[in-house]
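Colleague: The listed protein sequences derive, respectively, from chains A and B.
Position 67, counted from 1, in the first sequence is what my numbering calls 57; the numbers after and before it change by one each time, with no gaps.
All you need for my numbering is the position in the second sequence, starting with 1, plus 9.
If you're looking for bench data, these hints aren't it; they were derived computationally from the structure.
Watch out, some of these pointers could steer you wrong.
Below, a list of computed lysine-lysine pairs in the DSS-like style, where the Cα atoms sit at most 30 Å apart [to be verified]:
id	chain 1	residue 1	chain 2	residue 2
1	B	Lys41	A	Lys36
2	A	Lys43	B	Lys113
3	A	Lys36	B	Lys230
4	B	Lys60	B	Lys116
5	A	Lys43	B	Lys41
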Amino acid sequence: MIQKIRHPRPRDLKFLGLVAVTGLTIVLYLDTGLRLAGETGSGWRKLDLDALKQKIESGELREREAEWYHPATGEETRGAGGTIP
Amino acid sequence: MSAVTCELCPRACVIPEGGAGDCRIRVNLGGKLRATTYGRPSAIHIDPMEKKPLYHFHPGAPVFSIATAGCNLHCLNCQNWQLSQRGGEEMEQVYRADPPDLVKAAKEEGCKALAYTYSDPIVFYEYVYDSGELAHREGMYNVFVTAGYINRKPLRRLCKVLDASNVDIKAFDDGFYRRVNGGTLQPVLDGLVTMREEGVWIEVTNLLIPTLNDDLAMIRKMARWVRDELGEGTPMHFSRFHPEYRMRNLPPTPGRTLDRARKEAMDAGLQFVYVGNVMGHEGGSTYCPRDGTLLIGRAGFWITENNLTADGRCPTCNEKIPGVWT
Chain A
-9 MIQKIRHPRP RDLKFLGLVA VTGLTIVLYL DTGLRLAGET GSGWRKLDLD
41 ALKQKIESGE LREREAEWYH PATGEETRGA GGTIP
Chain B
10 MSAVTCELCP RACVIPEGGA GDCRIRVNLG GKLRATTYGR PSAIHIDPME
60 KKPLYHFHPG APVFSIATAG CNLHCLNCQN WQLSQRGGEE MEQVYRADPP
110 DLVKAAKEEG CKALAYTYSD PIVFYEYVYD SGELAHREGM YNVFVTAGYI
160 NRKPLRRLCK VLDASNVDIK AFDDGFYRRV NGGTLQPVLD GLVTMREEGV
210 WIEVTNLLIP TLNDDLAMIR KMARWVRDEL GEGTPMHFSR FHPEYRMRNL
260 PPTPGRTLDR ARKEAMDAGL QFVYVGNVMG HEGGSTYCPR DGTLLIGRAG
310 FWITENNLTA DGRCPTCNEK IPGVWT
């Protein structure tokens, strides 16, 4: 049986590199998404705290105490998936 | 770290220090929950009352309408997502408008009502309450346009300052609420009953989305619930869906679907059933339930004729028409 002898060429290596980088990007994207979904699925959201504080300092947002809340009990906190590191 | 539990809506978010509730604007800072958009609306407009929509409450009156960022639902078809699905720190435009500024501006513009609308005003509860209280002292009305996803206790207190509300029942199906809105149905129904008990004038809206919530059997069930729990004179608005946000894959609601829904609700015993978001539809006008006389003619949000008597009766048969007319 006749077989074609094929030598890897630089463009093949570039292509493989591109495939690897694309794969890695997809994995990182999915991983980040899943981690964020895990954090926000427990009834609270992360926010840009620095931006918020800056806007409060400039008067664009407020620090008025809200009504209708209570300090979380131990049981509630355990169910909420912990605190922001 | 001192987490707090928000009691405002059925989500009961447990919020760690430095975090926000699911609504994005109620933030735990230093172990205390903060209403970060209090007095800082991102949308201010003067609308006709019909835009809320409220068809049986001071027809044609201009309403000073405001909203801040944030919402406690996450509807895939949201039409105000640039406002509702963002936190205050993400907004490019914020107005400084504490309750006294708001009431003063509304009066200067000739508005006799404030509307808390566009996003869901439940999430800026404290701002609504304080503005509402002040507006009442100045002889103005308060209008609340909401999806009604709120706990009964805070709602009952808020009702003290509310005069009218349009409540959006997204669908008479809990599964739909979970899939499309990120909420549940029962608290909305409980909220409507609470508003009725507290004497708030209620109108109900249902946005009909092709294939998702346009089933006639479900519409019949919803209409019967409204008739039995809120009264046959409760106005019901079926609105046309337009593809928006994360639901651009579905077409606008066909006119015949809106017509069928209207007929179904009227057959179920509701006296005032309207079709919304359709210019020039006969279902946009108010007719006497007894003799069919045209009482208020509308083209879109605009009133073309108003034949109601001064005390809100049919000029032909003298039937008293439910509503707050003067």
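Colleague: Taking the hints in turn, state whether each one holds.
Modeller: Going through the hints against the structure:
no.: 1; hint: B:Lys41 x A:Lys36; verdict: holds, 16 Å
no.: 2; hint: A:Lys43 x B:Lys113; verdict: holds, 29 Å
no.: 3; hint: A:Lys36 x B:Lys230; verdict: violated, 39 Å
no.: 4; hint: B:Lys60 x B:Lys116; verdict: holds, 19 Å
no.: 5; hint: A:Lys43 x B:Lys41; verdict: holds, 15 Å
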